[in-house]
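K.L.:
Please construct the entire structure, taking both the sequences and the accompanying hints into account.
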Amino acid sequence: MKTRSLPLYVVVWLVGIVMVTPLLYALISGFKTTDQLSENAFGLPSPWVTSNYTDVLASSSFWKMLGSSTLIAVGTTVLTVGAAALAAFALARFAFRGREMMFTLFTIGLMFPFAVAILPLFVLLRTFGLLDNPWGVILPQAAFGLPITVVILRGFFRAIPGELEEAATLDGCGPFGFFWRILLPMARPALGTVSVLAIVASWNNFLLPLLVFSEQTWWTIPIGVQQFQGQYSADIARVFAYLILAMVPALAFYAVAERQLIGGITMGATKG
Amino acid sequence: MSTSTYVKDARPPTAAEAPPPANRRPLMRRFTAWLTAVAFTLPALILFGALVLTPILYALYVSLFNWGGFGSPEDYVGIDNYTRLLDDPVFLGDLWRGLLLVLFSIAVQLPFALAMAVALNQKLRGRAVYRMLFFAPYVLSEVITGVLFMMIFAPDEGLADRALGSIGLDGLGGLWFADQDTVLPTLFLVMTWKYFGFHMMLYLAGLQNIPAELHEAARIDGANAWQRFRHVTLPLLGPTIRISIFLSVIGAIQLFDLVWVVTQGGPDHHSETMAVTLFQFGFKRYQMGYASAISIALFLISLVFAIAYQRLVMRRDTEGALTTMRGAR
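If you read the protein sequences in the order shown, they are chains Z and W. UniProt numbering puts the first residue of the first sequence at 1, with every later residue one more than the last. UniProt numbering puts the first residue of the second sequence at 1, with every later residue one more than the last.
Calculated from the structure, these hints are not laboratory results. Be careful, since some hints might not be right.
Claimed, not checked - The list that follows gives simulated cross-link-like pairs (lysine to aspartate or glutamate, DMTMM-like), each with its CA atoms no further than 20 Å apart:
hint	chain 1	residue 1	chain 2	residue 2
1	W	K284	Z	D132
2	W	K123	W	E216
3	Z	K64	Z	E215
4	W	K284	W	D88
5	W	K284	Z	E215
Unchecked claim - Taking beta-carbon pairs under 8 Å as the criterion, some of the chain W residues facing chain Z (in silico):
hint	residue
6	A37
7	V52
8	I56
9	V102
10	L103
11	F104
12	A119
13	L133
14	S141
15	V143
16	L202
17	Q227
18	F229
19	D257
20	A275
Cβ coordinates follow ideal geometry from the N, Cα and C atoms, glycine included.
P.N.:
Below, the structure written as structure tokens:
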């Protein structure tokens with residue numbers, strides 16, 4: 001290590017400490033009782049108490065929420081990516097009247113916050129009986145996920161050489177055949193990227209499930225976290241343990257899909 | 001290729017490019033080609049139309065009524081809800097607080113993210129680990145982040161006050177989220193913790209696109225590290241910085257989850273955002289008409305900002321997005 005870069009190491013290290021402290025504090029506090037925590041905030045637990053964690057893991061409601069979150073994320077992703085891939089294909093490789101207008105419509109959609117539409121969306125979902133129904137969350141999430149997915153996929157589909165399409169057409173491939181058998185397999189990395197973005201967005205969504213699910217049946221993890229905090233606000237060690245366990249799936253997913261996620265946000269930013 | 005029912009087009013379309021000149025082909029075939037294209041876009045169009053566009057138009061309609069949210073809106077009040085907005089201190093406060101968050105972000109969060117990106121673009125040992133760590137909070141939901149920091153900034157009991165107390169700096173601690181004057185800065189601290197890594201990643205991607213030769217040449221010309229940063233890195237990073245400012249502004253205008261979980265807009269509205277006010281009126285006080293007017297205002301502010309920003313600031317950077325609107329140039 002060159003001494004010249006020593007200040008750099010110190011700064012980066014300090015920032016690292018600030019970033020990691022809240023998480024580490026939560027993790028360790030989860031192994032204390034709340035009484036221990038108020039007497040000994042900084043030290044290691046003595047003794048280590050595992051019941052905060054095991055209680056959560058033993059509760060069926062936690063696993064049920066994990067299941068709901070997963071189901072809703074998967075449903076949203078399949079729908080968003082499916083519909084967006086078809087549209088992006090047409091927008092990238094067909095020339096037709098209204099194409100640019102349609103694309104502009106989707107790009108304006110990039111700026112529609114959920115909050116803008118949430119009141120009428122709620123009324124709409126109520127009218128169609130989709131409250132307390134996973135579709136009530138999946139469908140709007142998919143619709144709001146379309147713009148970014150279409151923009152990224154269109155950019156990718158454009159980059160695939162035209163000769164390939166000519167060859168496929170000569171071999172008797174129709175447009176859908178080309179899309180399904182050639183374009184999609186080639187676009188696997190891009191599909192991975194947009195899927196990861198859709199999964200993360202769905203997993204962390206709060207506003208919509210908060211409104212749609214008044215009954216506990218379909219609660220997702222963020223709703224569960226908020227409820228748990230409200231219920232056990234006096235027993236903070238327990239809340240810390242719950243938080244840590246609620247973080248695990250997202251962090252594990254990040255560890256696995258880091259490349260796609262970062263590729264996705266930079267692509268989304270530069271293409272959007 | 002004239003037998004093909006669809007036209008290949010792998011080139012980026014320019015703004016001036018009209019729909020393709022397909023005049024030579026028989027009408028019927030042109031129609032089939034158009035139909036094929038539209039068929040592909042249909043699922044997306046239906047989803048988008050039904051669940052994004054319709055609700056926004058419906059909000060526009062409802063905003064003209066005095067409506068509690070049940071039955072159909074009947075008490076037409078014209079633009080009363082909008083004039084009420086302009087007199088509502090909470091809404092005007094929302095705008096002010098939104099502006100403060102935006103300014104905080106541009107003045108503090110983004111420069112910090114840029115500094116970290118430049119640092120981690122050096123050959124540092126373990127930089128991959130730092131990168132991963134700094135970005136990690138981005139994948140956590142705002143709810144988890146909010147609850148975590150609620151407990152860390154709990155008055156007296158929380159980690160922040162205790163840590164400050166243990167090093168004799170009790171005076172710096174305080175009520176954090178519970179005090180009118182400190183709630184917004186504390187929220188901003190949490191937002192920085194969660195989101196600076198996102199902007200850092202954008203900058204890192206931008207930095208990696210700057211050819212090393214440019215820095216080398218500047219070095220040979222005798223430019224010191226600061227001059228190289230100021231005159232090589234910064235200008236070449238321009239497009240990335242402009243996009244990151246854009247995303248940060250849109251994010252600040254639309255902030256909801258974090259505030260709702262931590263303070264619900266309190267104490268006494270001092271951390272309230274437009275989205276929170278909208279939610280309060282719509283789902284707590286059942287004034288759907290007024291809440292819809294807020295949502296339309298939020299929408300218009302986002303839209304006007306986005307169009308103005310893309311036209312005026314990012315025009316030279318991108319061919320994409322709104323600037324490709326035909327005839328816009």
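K.L.:
The structure should be examined with respect to each hint, and the outcome stated for every one.
P.N.:
Each hint, compared with the structure:
A distance of roughly 19 Å separates the Cα atoms of K284/W and D132/Z; the hinted pair therefore holds under the 20 Å criterion. Between K123/W and E216/W the alpha-carbon distance is near 16 Å, which keeps this suggested pair within the 20 Å criterion. Restraint check: the Cα-Cα separation between K64/Z and E215/Z comes to about 13 Å, which is no more than 20 Å; the hinted pair holds. Only pairs whose Cα atoms come within 20 Å are accepted, and K284/W paired with D88/W is accepted, the gap being roughly 17 Å.
A C-alpha spacing of about 17 Å is found between K284/W and E215/Z, which places the hinted pair at or below 20 Å, so the restraint holds. Hint status for A37/W: holds, given a least beta-carbon distance of 4 Å to chain Z, under 8 Å. Taking 8 Å as the C-beta contact cut-off toward chain Z, the hint placing V52/W at the interface holds, the least distance being around 5 Å. Interface hint at I56/W: satisfied, since its Cβ lies 6 Å from the closest Cβ of chain Z, which is below the 8 Å cut-off.
Taking 8 Å as the C-beta cut-off, the interface hint given for V102/W is violated, the closest approach to chain Z being about 15 Å. Nearest Cβ of chain Z to the Cβ of L103/W: about 20 Å, over the 8 Å cut. The hint is violated. Interface restraint check: F104/W against chain Z, minimum CB-CB distance 17 Å, threshold 8 Å, status violated. Because the smallest distance between the Cβ of A119/W and any Cβ of chain Z comes to about 5 Å, under 8 Å, the interface hint for this residue holds.
A least Cβ separation of about 6 Å between L133/W and chain Z falls short of the 8 Å threshold, and the interface hint therefore holds. The closest approach between the C-beta of S141/W and any C-beta of chain Z is roughly 4 Å, which is under the 8 Å cut-off, so the hint is satisfied. For V143/W, the suggested interface contact is upheld, since its CB lies about 4 Å from the closest CB of chain Z, less than 8 Å. For L202/W, the shortest C-beta to C-beta distance to chain Z is roughly 5 Å, which falls under 8 Å, so the interface hint holds.
Interface restraint check: Q227/W against chain Z, minimum CB-CB distance 17 Å, threshold 8 Å, status violated. The criterion of a C-beta within 8 Å of any C-beta in chain Z is not met by F229/W, whose closest approach is roughly 13 Å, and the hint is violated. With its C-beta approaching chain Z no nearer than about 4 Å, D257/W sits inside the 8 Å limit, and its interface hint holds. Taken as an interface hint, A275/W checks out: its beta carbon lies about 4 Å from the nearest beta carbon of chain Z, inside 8 Å.
When held up to the earlier numbered hints, the structure conflicts with 9, 10, 11, 17, 18 and fits the remainder.
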